[in-house]
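Chemist: What follows is each chain in one-letter form.
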Amino acid sequence: MARIELRGIAHAYQAAPRSEEDFALRPLELVWEDGGAYALLGPSGCGKTTLLNIISGLLQPTRGQVLIDGADVTAAPPQARNIAQVFQFPVIYDTMTVFENLAFPLRNRGVDRAEIQARVEEVAALLELTGDLRLRASGLSADLRQRISLGRGLVRKDVAAILLDEPLTVIDPHVKWLLRRKLKQVHEQLKVTLVYVTHDQVEALTLADRVVVMNGGRVVQVGTPQELVERPLDTFVGYFIGSPGMNLLPCIVEDGAVMVEGQRIPLDADVCARARTAGGELRLGIRPEFLRRVAEGSPQALRVEVTQVEHLGRHKLATTRLGEQSLKVRLPEEERLSAGESCWLELPPRWTMLYAGGRAIT
Amino acid sequence: MKHGIELDGVTRMVNGEPHLADIHLKLEPGSFNVLLGRTGAGKTSLLRLMAGLDRPTSGAIRVDGVEVTGVDVRRRNVAMVYQQFVNYPSLTVYENIASPLRLSGRLGPKELDRRVRETAAALRLEPFLDRLPAELSGGQQQRTAMARALVKDASLLLLDEPLANLDYKLREELRAEIRQLFRDRPAVVVYATTEPTEALLLGGRTAVLDEGRLLQVGPTLDVYHAPATERVGQVFSDPQMNLLDVEVTEEGTEARLSPEVSFPPAEHLRGLEPGRYRLGLRAHHLRLEPRSPEDVRIPVRVEVEEVSGSETLVHATHDGIALTAQVEGVRSHPYGAELELFMSPSRCFVFSPEGRLVAAPPFTPEESLHGQD
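Protein sequences appear in the order of chains G and W.
Mapping of the first sequence onto our numbering: residues 1 to 362, in sequence order.
Mapping of the second sequence onto our numbering: residues 1 to 373, in sequence order.
Treat the hints as calculated values from the structure; they're not laboratory data.
Note that the coordinates shown come from a computational prediction; the quantities given were computed from them, not determined experimentally.
The reader is advised that the hints may include incorrect statements.
[Stated by the list, open to error] BS3-like mimics (lysine-lysine), calculated; alpha carbons at most 30 Å apart, straight line:
no., chain 1, residue 1, chain 2, residue 2
1, G, Lys157, G, Lys182
2, G, Lys176, W, Lys169
3, W, Lys169, G, Lys184
4, G, Lys316, G, Lys328
5, W, Lys26, G, Lys182
6, W, Lys169, W, Lys2
7, G, Lys191, G, Lys316
8, G, Lys157, G, Lys191
9, W, Lys169, G, Lys328
10, W, Lys169, G, Lys316
11, W, Lys152, W, Lys26
12, G, Lys191, G, Lys176
13, G, Lys184, G, Lys157
14, W, Lys2, W, Lys26
15, G, Lys176, G, Lys157
[Claimed, not checked] Footprint (simulated), chain G over chain W, 3 or more residues, beta carbon under 8 Å:
no., segment
16, 21 to 27
17, 63 to 76
18, 85 to 96
19, 163 to 173
[As the list claims (entries may be wrong)] If we take Cβ atoms under 8 Å as the criterion, some of the chain W residues that face chain G in the derived model are:
no., residue
20, Thr39
21, Leu201
22, Leu221
23, Tyr224
24, His284
25, His315
Every residue, glycine too, gets a C-beta built ideally from N, C-alpha and C.
Make a model of the complete structure from these sequences and hints.
Modeler: Have a look at this one:
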């Protein structure tokens, strides 16, 4: 079990980086608490795998230090870090049985027979592999192979942390949630530090207590799933999390109120005051699921024109027009609405955010 | 194309195993058709037969009334887009898009250039025309592959899970574009997917395929709202549909789920013959709070929760029955927590023990106007 600390970590793949632009990973400070479940979430190319490889020791950072339980391991090779890694494609030996695969990391370290037997049985029970221990690994289904791969990481008692890099990519969609449940149960029982890399918001928000959102080599927000959904501190988080993402509308602040397309939107007075001095383009953000449809002519409601209604089964998604801006609204399935109509929307202040240069004004 | 494409009792056997069994399907010209089925259902096999890449073991495929079973693929006017982005790596985006036109050799240079640029514009590829595929993002590569399929104005356009290999954000954007692109085309479009949400978003008609058999065909929303069998309900639900075995008592006044939970069979459940049934309930109709006095309270124990955006999937059990509820907001109940879920009987599908639909919640025809057929 371990606490992992990243101090001033930055990485460039070029030997002699000249400008900040050359860095795949911009300078960052992060602490992974012992026993925490973390996700690293971001689109491809955001630097998340680079960061993971720095933690595991597969990559030496250009700058900064990696500390495990206070000890500087920046120069230590992966095998000296007691970190288990699970990759996109299961790494197992096809010629061995499931038992031998699980036992392999222990045999390598000269652990005695009785203990190997006990540990393998324990891990197999946890991962529901007990009935498969005698099977040959070749020809097993992808989810079984990935569970074995995870088991190989868990079998060592001294493992400090488990790093998982998009481990569900090759798993059939209908089996994915079963494996997510297994992972979550394993974490709840073992309380081992877990770092889970993914571009999939469902996997990140489901597995992690805290999610580190990355974009363009930067950490843009670290927060609980609830914080990321309810109070995205960066427009990228608003866009990337949620399906569809947050509505972002260019706006101005005038007489202590926010104006979008000439319409007044009530918002916290302090936020409005700070917006006047903040640099960068001002945008108002609200998620499609937080917009409220209200009766015609309600005070402070915006009148919008409905341009499209999509039936998504459990709800409807309406695309509406407010002047030149487009606004997506999620409505309950029983709601009646069709293209060409007008409707009135309320922006609850609690769910309405204001951004300057992409960062939230709080 | 005037009469579309027709599959008449098509079967395909591979090594003595039926991959497709007795498929009857008629697709109208200008129609958008979703082929919905899980991995291994036979979607790709069916598309390959339509494309002429494989031959059926028995049965006939007719295009515009003319049998084409066994006609070479090069002589059919078909375009196909695959899950993997297939482009020529050494050709620029422009040349990739132009390649099907150059192969057919029917267009003059001016007309060819016009067509390539028009298609590139529709797929927002204009800025990348001089690039090589390797210099593009996954989404741009798949757009290029789609442009190649669209440029030649094929009368049959087949798409095999074209978005499956993309990040979900890109998928979201491309999905919306695909619908616009294929609207108002005279071609027959067939789009294979495993995802119910994708089928709903794309609209048109949906054919549900399972284990090589065609289970149901109809306007997408009709199939969604009235799955003919329990299996169709399962394939057309994500998260999975809750399936609850109930017993309707002799007097028909009570439906019993477990020793603890029973309720009066109201609304469309009224008039069920006594006996055993299976209720199908989509996850978003199982809630944490009651919506009406008729809602049935089910005590459960939480197994795990999954969070997506501002929704949470609660996986739980009641008396050994697995239940999944899709609720608003980010929730977190610990493993083993005890909760109450509420189900509204008016939202249940009723299936016979053999899995045939006995009764479905009414849905207003206004909603089926969405289907673009």
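Chemist: All hints, please: hold or fail.
Modeler: To see whether the hints hold, each was checked on the structure:
Pair hint G/Lys157 plus G/Lys182 holds up; C-alpha atoms about 19 Å apart against a cutoff of 30 Å. Taking the CA atoms of G/Lys176 and W/Lys169, the gap is near 19 Å; set against the 30 Å cutoff, the hint holds. Pair hint W/Lys169 plus G/Lys184 holds up; C-alpha atoms about 25 Å apart against a cutoff of 30 Å. Between G/Lys316 and G/Lys328 the CA atoms are separated by roughly 10 Å; this keeps the pair inside 30 Å, and the hint holds.
Using a Cα cut-off of 30 Å, the hinted pair W/Lys26 and G/Lys182 is violated, with the two alpha carbons roughly 44 Å apart. This hinted pair does not check out: W/Lys169 and W/Lys2 have alpha carbons roughly 37 Å apart, beyond 30 Å. Restraint check for G/Lys191 and G/Lys316: the C-alpha separation of about 40 Å exceeds 30 Å, so the hint is violated. Of the supplied pair hints, the one linking G/Lys157 and G/Lys191 holds, its CA atoms being roughly 12 Å apart against a limit of 30 Å.
Pair hint W/Lys169 plus G/Lys328 holds up; C-alpha atoms about 16 Å apart against a cutoff of 30 Å. Under the criterion of a C-alpha separation no larger than 30 Å, the hint pairing W/Lys169 with G/Lys316 is consistent with the structure, at around 19 Å. With a C-alpha separation of about 23 Å, the suggested pair W/Lys152 and W/Lys26 falls inside the 30 Å cut-off, and the hint holds. Only pairs whose Cα atoms come within 30 Å are accepted, and G/Lys191 paired with G/Lys176 is accepted, the gap being roughly 22 Å.
For a cut-off of 30 Å, the pair hint linking G/Lys184 to G/Lys157 stands: about 19 Å separates their Cα positions. For the hint linking W/Lys2 to W/Lys26, the alpha-carbon distance of about 13 Å falls within 30 Å, and the restraint holds. As the CA atoms of G/Lys176 and G/Lys157 are separated by approximately 27 Å, the hinted pair is consistent with the 30 Å bound. Given as covered by chain G, the segment 21 to 27 of chain W fails the check, having 0 residues with a CB less than 8 Å from a CB of that chain where 3 are the minimum.
Only when three residues or more bring their CB closer than 8 Å to a CB of chain G does the claim for the segment 63 to 76 of chain W stand; here the count is 0, and the claim is violated. Given a C-beta distance limit of less than 8 Å, the hint that chain G covers the segment 85 to 96 of chain W is violated, as 0 residues qualify and 3 are needed. Here's how the segment 163 to 173 of chain W fares: 4 of its residues keep a CB closer than 8 Å to some CB of chain G, so the rule of at least three is met and the hint holds. Proximity of W/Thr39 to chain G holds as hinted, the smallest CB-CB distance being about 5 Å (cut-off 8 Å).
The beta carbon of W/Leu201 comes within 6 Å of a beta carbon in chain G, closer than 8 Å, and the hint placing it at the interface holds. At its closest, the beta carbon of W/Leu221 sits 6 Å from a beta carbon of chain G; the interface hint therefore holds under the 8 Å criterion. This hint holds: W/Tyr224 has a C-beta 6 Å from the nearest C-beta of chain G, less than the 8 Å allowed. At about 4 Å, the closest approach between the beta carbon of W/His284 and any beta carbon in chain G falls short of 8 Å, and the interface hint on this residue holds.
Annotation: interface hint on W/His315 holds; nearest CB of chain G at approximately 7 Å, less than 8 Å.
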